[in-house]
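**Q** For reference, the chains in residue letters:
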Amino acid sequence: MKASLRQTLLLAFLFSLPSGLLMGQQYNRIRADFSVKVKTASGGQALTMGQVFYDKNLRQIIYYVTFPEREIWLTADTMVYQIRNDKLVTKTATFAMAEFTVFHLALNSRMQDYGLRNTRYTASDVSKENDLVITTWSPPEKARQSLGNILVSVKNKQLFGVIFQNPAGVVIRKQFFEEYLVSSGLSFPGKIVEINTIEGRDSYQVTSYKNIVVDEMENDNKYFYNISGLHF
Amino acid sequence: MLLLIGVSKSMANQADLFHYDAVTVENQMAQLNQLEGYVMENPGITLGEMTTNGNALASMVGNTNGISGFNLTNDKVFGIPGFLWGCVFSWVGVLVVYLVGKDKAETKSAIIGCVVGAVAYSAFYLVYALALGGLGSV
Numbered sequence: 001m002k003a004s005l006r007q008t009l010l011l012a013f014l015f016s017l018p019s020g021l022l023m024g025q026q027y028n029r030i031r032a033d034f035s036v037k038v039k040t041a042s043g044g045q046a047l048t049m050g051q052v053f054y055d056k057n058l059r060q061i062i063y064y065v066t067f068p069e070r071e072i073w074l075t076a077d078t079m080v081y082q083i084r085n086d087k088l089v090t091k092t093a094t095f096a097m098a099e100f101t102v103f104h105l106a107l108n109s110r111m112q113d114y115g116l117r118n119t120r121y122t123a124s125d126v127s128k129e130n131d132l133v134i135t136t137w138s139p140p141e142k143a144r145q146s147l148g149n150i151l152v153s154v155k156n157k158q159l160f161g162v163i164f165q166n167p168a169g170v171v172i173r174k175q176f177f178e179e180y181l182v183s184s185g186l187s188f189p190g191k192i193v194e195i196n197t198i199e200g201r202d203s204y205q206v207t208s209y210k211n212i213v214v215d216e217m218e219n220d221n222k223y224f225y226n227i228s229g230l231h232f
Numbered sequence: 001m002l003l004l005i006g007v008s009k010s011m012a013n014q015a016d017l018f019h020y021d022a023v024t025v026e027n028q029m030a031q032l033n034q035l036e037g038y039v040m041e042n043p044g045i046t047l048g049e050m051t052t053n054g055n056a057l058a059s060m061v062g063n064t065n066g067i068s069g070f071n072l073t074n075d076k077v078f079g080i081p082g083f084l085w086g087c088v089f090s091w092v093g094v095l096v097v098y099l100v101g102k103d104k105a106e107t108k109s110a111i112i113g114c115v116v117g118a119v120a121y122s123a124f125y126l127v128y129a130l131a132l133g134g135l136g137s138v
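Going down the list, the sequences are from chains C and X.
Numbered continuously in our numbering, the first sequence closes out at residue 232.
Numbered continuously in our numbering, the second sequence closes out at residue 138.
Think of the hints as simulated: they come from the structure by calculation, not from any bench.
Misleading hints may appear alongside valid ones.
[Unchecked claim] Cross-link-like lysine to any residue pairs, in silico, SDA-like; alpha carbons within 20 angstroms at most: (1) C:Lys155 / X:Leu17; (2) C:Lys91 / C:Lys210; (3) C:Lys210 / X:Gln34; (4) C:Lys155 / C:Ile198.
[To be verified] Non-contacting residues of chain C with respect to chain X, defined by C-beta distances greater than 10 angstroms in every case (computed): (5) Gln25; (6) Asn28; (7) Lys39; (8) Leu47; (9) Asn156; (10) Val182; (11) Ser183; (12) Ser187; (13) Tyr204; (14) Met217; (15) Asn226.
[What the hints assert, rightly or not] Heads up, incomplete: computed chain X residues facing chain C, CB under 10 angstroms, no partners named: (16) Asn13; (17) Tyr20; (18) Ala22; (19) Val23; (20) Thr24; (21) Met40; (22) Thr46; (23) Thr52.
Quick reminder that beta carbons are idealized off the backbone N, C-alpha and C, glycines included.
Let's have the full structure, built from the sequences with the hints guiding it.
**A** Laid out in structure tokens, this is it:
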């Protein structure tokens with residue numbers, strides 16, 4: 001009887017797991033060449049290029065930036081570090097949010113909900129229009145005065161677009177995930193286009209990923225940075 | 001979680017939101033694409049070296065890299081509350097709030113926004129783990 005109850009609880013536990021854990025293959029590591037291009041509404045431009053490494057078990061996202069200058073951007077625990085020539089340039093308090101990045105979500109086959117399932121947002125509507133399945137995610141009741149809905153669309157079982165609205169329903173930000181690449185069975189967007197609209201003026205950001213490598217056995221030292229010896 | 005499945009009239013045009021003018025984006029990125037191409041053809045080159053060499057392409061951009069490139073604008077976190085940045089935009093969001101907003105309250109709310117979700121999620125599995133562990137020891 002006890003064994004039966006235990007099995008029932010175990011089954012309930014398994015069915016309560018995020019769908020990706022049950023349905024998608026699990027991966028541990030990803031690295032890619034990246035470029036981030038920013039064009040602001042005021043005309044400002046920025047380009048960043050380099051390589052990014054992430055091991056979901058180590059929870060460090062490490063950007064080895066080669067342009068505009070050689071430096072490392074690293075997020076670990078609750079801090080973001082900017083490192084140049086092995087010396088700390090800036091250290092910014094933040095929150096460990098590797099779980100919400102495209103790297104972590106992709107490795108866990110959880111891109112489709114964009115990590116929203118792990119937040120206080122709730123899916124308030126699901127619709128199918130043409131080839132898009134659109135889920136509307138609503139913020140907690142108490143936050144609806146300051147936060148709007150987030151619409152997530154999936155196309156061919158891949159995350160396609162994310163629309164951010166203000167509480168009045170006005171679109172303030174759009175993200176599009178395009179040119180998916182497949183590496184070792186892992187599907188990853190090769191291009192992310194972001195459009196931010198402020199007072200009717202748009203700013204643009206295009207992030208590109210190339211040469212994606214999944215679960216490589218080499219370059220262990222690239223996936224972990226020993227921050228204990230860092231100093232200004 | 002309450003999941004309402006259906007297609008309402010107001011939702012009928014949601015798909016239209018998922019469009020953007022790709023040509024406009026490409027035009028906006030034209031100079032940066034040119035610069036990116038040059039850097040790819042000259043691996044390892046830095047903006048400082050390009051400036052020293054008098055390369056005209058160097059004048060296109062500032063020395064701020066794109067990871068924190070949002071601080072090119074003076075707009076306060078694009079009008080998006082810190083909570084949202086923290087929950088959805090990962091560390092970049094909090095960084096942007098911190099760098100652009102310079103508003104401790106916004107940063108704090110971003111962090112709290114994430115903690116709430118993470119704690120709730122973790123607590124859920126902790127209960128299950130304890131329940132399973134407890135039954136196993138009986």
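**Q** Now tell me if each hint is right for this structure.
**A** Here is how each hint holds up against the structure:
1. For the hint pairing lysine 155 of chain C with leucine 17 of chain X, the CA-to-CA distance comes to about 14 angstroms; that is within 20 angstroms, so the pair holds.
2. A threshold of 20 angstroms between alpha carbons decides the hint, and for lysine 91 of chain C with lysine 210 of chain C the separation of about 28 angstroms lies outside it, so the pair is violated.
3. Taken as a hint, the lysine 210 of chain C and glutamine 34 of chain X pair is honoured in the structure, with Cα atoms around 17 angstroms apart against an allowance of 20 angstroms.
4. Distance restraint check for lysine 155 of chain C and isoleucine 198 of chain C: the Cα-Cα separation of roughly 28 angstroms exceeds the 20 angstroms cut-off, and the hinted pair is therefore not satisfied.
5. No beta-carbon of chain X is positioned within 10 angstroms of the beta-carbon of glutamine 25 of chain C; the least distance is around 21 angstroms.
6. Non-interface status of asparagine 28 of chain C relative to chain X is upheld: no Cβ of that chain comes within 10 angstroms, the nearest being about 19 angstroms off.
7. Residue placement check: lysine 39 of chain C does not keep its beta carbon more than 10 angstroms from all beta carbons of chain X (closest about 5 angstroms).
8. Under the 10 angstroms C-beta cut-off, the non-interface status given to leucine 47 of chain C relative to chain X is violated; the minimum distance is some 5 angstroms.
9. No beta-carbon of chain X is positioned within 10 angstroms of the beta-carbon of asparagine 156 of chain C; the least distance is around 14 angstroms.
10. Taking the minimum C-beta to C-beta distance to chain X, about 23 angstroms, the non-interface status of valine 182 of chain C holds against the 10 angstroms cut.
11. Non-interface status of serine 183 of chain C relative to chain X is upheld: no Cβ of that chain comes within 10 angstroms, the nearest being about 20 angstroms off.
12. With a cut of 10 angstroms on Cβ distances, serine 187 of chain C stays outside the contact zone with chain X, its closest approach being about 19 angstroms.
13. At the 10 angstroms boundary, the C-beta of tyrosine 204 of chain C falls inside the reach of chain X, the nearest C-beta of that chain being 5 angstroms off.
14. Distance to chain X confirms methionine 217 of chain C as a non-interface residue, since its nearest Cβ pair spans about 25 angstroms, more than 10 angstroms.
15. Here asparagine 226 of chain C stays apart from chain X, with its beta-carbon at least about 19 angstroms from theirs, past the 10 angstroms limit.
16. The restraint placing asparagine 13 of chain X at the interface with chain C holds, with a minimum CB-CB distance near 8 angstroms, inside the 10 angstroms limit.
17. A distance limit of 10 angstroms between C-beta atoms decides the matter here; for tyrosine 20 of chain X the minimum to chain C is near 6 angstroms, and the interface restraint holds.
18. Against a cut-off of 10 angstroms between C-beta atoms, the interface hint on alanine 22 of chain X holds, since the closest Cβ of chain C lies about 8 angstroms away.
19. Because the smallest distance between the Cβ of valine 23 of chain X and any Cβ of chain C comes to about 12 angstroms, over 10 angstroms, the interface hint for this residue is violated.
20. A hinted interface residue such as threonine 24 of chain X counts as satisfied when its beta carbon comes closer than 10 angstroms to some beta carbon of chain C; here the least separation is about 8 angstroms, so the hint holds.
21. Interface restraint check: methionine 40 of chain X against chain C, minimum CB-CB distance 8 angstroms, threshold 10 angstroms, status holds.
22. A least Cβ separation of about 5 angstroms between threonine 46 of chain X and chain C falls short of the 10 angstroms threshold, and the interface hint therefore holds.
23. Below 10 angstroms, beta-carbon pairs count as interface contacts, and threonine 52 of chain X has none with chain C, the closest being about 13 angstroms; its hint is therefore violated.
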